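**Q** Going down the list, the sequences are from chains A, B and C.
Residue 73 in the working numbering sits at position 73 of the first sequence, with consecutive numbering throughout.
Residue 123 in the working numbering sits at position 123 of the second sequence, with consecutive numbering throughout.
Residue 47 in the working numbering sits at position 47 of the third sequence, with consecutive numbering throughout.
Check the hints yourself; a few may be wrong.
The list treats identical chains as interchangeable, and a pair is accepted whether it falls inside one copy or across any two copies.
[As the list claims (entries may be wrong)] Okay, derived cross-link-like pairs now, SDA-like style, lysine to any residue, Cα gap no bigger than 25 Å in a straight line:
1. 31 <-> 115
2. 80 <-> 58
3. 80 <-> 20
4. 31 <-> 75
5. 35 <-> 23
6. 80 <-> 19
7. 80 <-> 44
Hint data in this document are derived by calculation from the structure and do not stem from the laboratory.
Being a predicted model, the structure only gives us computed values, none of them experimental.
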Amino acid sequence: MLRQVVQHLEIGTRGRGFYEFTDEVAGVLAKSGLKTGVATVHLQHTSASLLIQENADPEVRRDLERLFSRLAPDGDPIFKHTAEGDDDMPAHVRTALTAVNLSIPFEGGELALGTWQGLYLWEHRRQAHRRRVTVHLVGE
Amino acid sequence: MLRQVVQHLEIGTRGRGFYEFTDEVAGVLAKSGLKTGVATVHLQHTSASLLIQENADPEVRRDLERLFSRLAPDGDPIFKHTAEGDDDMPAHVRTALTAVNLSIPFEGGELALGTWQGLYLWEHRRQAHRRRVTVHLVGE
Amino acid sequence: MLRQVVQHLEIGTRGRGFYEFTDEVAGVLAKSGLKTGVATVHLQHTSASLLIQENADPEVRRDLERLFSRLAPDGDPIFKHTAEGDDDMPAHVRTALTAVNLSIPFEGGELALGTWQGLYLWEHRRQAHRRRVTVHLVGE
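The shape of chain A in the complex, shown without the other chains (with noise of 0.2 Å):
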């Protein structure tokens, strides 16, 4: 019989960069006791976002960086929106190009993750943050 969880996570960030989290997510799956099913993490912010990358050389996610600096600068003329600092509508922008939320199915109690991803919140802006995580699994 189908039975559904939901749990909280709030994830502490340094500035901007990427944060692995598989683990805290796989945790969470783990204490639930549910083997098969899908979980929908969702992010409750607009200036960060939630990324699966590759979890093995970081430089690529140093790339991204630089890659992503380069579609939205920060301090860009474009933007008007600048109250908030030089890094606040570039990180409204870099959440608009990922996503907040992420949908995994799950199979023998893990993850359907391929072997080199990994689970991120990518934090946009500069300042340290705490990002609130919801995660909801349904399954059996």
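Fit chains B and C to the known structure of chain A by using the hints.
**A** Then chains B and C, alone, in the frame of chain A:
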């Protein structure tokens, strides 16, 4: 016991821009009587998209328009699919860069959105359109 | 009564480009016997992505290739992660800009896709690959 609900929304747009429909989805949720679960919202089009973004300063949305117009300008000579207008291919690009479906957990009968998160239909065509959205809820 | 099904697909690609697999997911759905519910499709890779896009004029997909190649060209000097080829880091960027999972409601035994929506695996590497996709269905 888990159960599900499917509802259809039609959202009229007046051309390019953001149309918040958080309340419409919250209304489907309220009517369903479900308290805890996950909502899947799917847009049945390829030249408009769904976006969760800041619902406070409207300048944020105007800046998003400006930035995306720079990434893929109307009439960009790179495009060959031009028969449906010079804003059609940019609309497909903006849709590819964002999303047509979102998954949002809910608790206590309320979508687990952050304080500043609104749910938007982002119309990418310059003309008015009627856009169809399917809302699926599973929960209890 | 709600129940769930998980199936695995393997999609062979012949290098960069779009590979429609709407029919494969529809086949999983038909075989499941489920009529109403939600499908979650997850790609287990970080250098290819999933995209719902126009299934009519193939020029749309070629224009998407051209535009994304401009955003993150092969061999772009901004990239330092180059050991796996000059198309590897652009592939990660394109994956970050699009998605590796999608959630699509279904009704009457059919995916709630719009008339012009097709479900594509977008291969971002120039070489052929075999790509793994997990399909999760929950419904009744």
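**Q** Now look at each hint and say whether the structure bears it out.
**A** Now the hints, each set against the structure:
1. 31 <-> 115: within (23 Å within a copy, 28 Å between copies)
2. 80 <-> 58: between (33 Å within a copy, 11 Å between copies)
3. 80 <-> 20: between (32 Å within a copy, 21 Å between copies)
4. 31 <-> 75: neither (44 Å within a copy, 45 Å between copies)
5. 35 <-> 23: within (16 Å within a copy, 28 Å between copies)
6. 80 <-> 19: Between. Shortest inter-copy distance 20 Å satisfies the 25 Å Cα cut-off; intra-copy 29 Å does not.
7. 80 <-> 44: within (24 Å within a copy, 32 Å between copies)
Hint compliance for this structure: hint 4 is the single one not met.
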